[in-house]
Amino acid sequence: MLRVVVPIIVLVVFVYGLIDLIRTNARDVKGISKPAWIAVQIVLPVLGAVLWFLIGRPRGNAGPAPATYRHPTAPDDDPEFLRNLEVRRRNQAEADRLKKLKDDLEARERDLRGDSGSGEAHGTGDPAPGTDEVK
Numbered sequence: 088m089l090r091v092v093v094p095i096i097v098l099v100v101f102v103y104g105l106i107d108l109i110r111t112n113a114r115d116v117k118g119i120s121k122p123a124w125i126a127v128q129i130v131l132p133v134l135g136a137v138l139w140f141l142i143g144r145p146r147g148n149a150g151p152a153p154a155t156y157r158h159p160t161a162p163d164d165d166p167e168f169l170r171n172l173e174v175r176r177r178n179q180a181e182a183d184r185l186k187k188l189k190d191d192l193e194a195r196e197r198d199l200r201g202d203s204g205s206g207e208a209h210g211t212g213d214p215a216p217g218t219d220e221v222k
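Using the working numbering, read the sequence shown as starting at 88 and increasing by one per residue.
Ranges of calculated distance between the beta carbons of each label pair, as one might list FRET restraints:
| # | residue 1 | residue 2 | range |
| --- | --- | --- | --- |
| 1 | Met88 | Ile109 | 25 to 33 Å |
| 2 | Leu98 | Ile142 | 15 to 23 Å |
| 3 | Ala182 | Asp115 | 48 to 56 Å |
| 4 | Asp163 | Tyr103 | 46 to 54 Å |
| 5 | Ala161 | Lys187 | 28 to 36 Å |
Simulated from the structure, these hints should not be mistaken for lab results. For glycine and all other residues, C-beta sits at the position ideal for the given N, C-alpha and C.
Based on the provided sequences and hints, a complete structural model is requested.
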């Protein structure tokens, strides 16, 4: 029984250590470079895996990542502010354009009616037909 269990344990430790090493980011590896760790594990299967877990493997944080505090940024550095500024500028330009068109349309209607802009039609005291003016 011992002749079967020991090789299985050796194989499991070797495979787990090698897979863990391969999945680790190369920047996080400690001690020697990642390809050197792979060579050590292949040449010395159990000892290489044990060394990997003790020396080369990066230590993971048990808890969540530390909170990063966002410092206030200047308005011209804040992309959301700049985006909102552009939207506001476009909305204002559109509002100005619509106001100008409305004023032009009202001026043309006054010219066609021959009114002086009083809003009354033929002296009846009623607003001109087709206008939404409220007194």
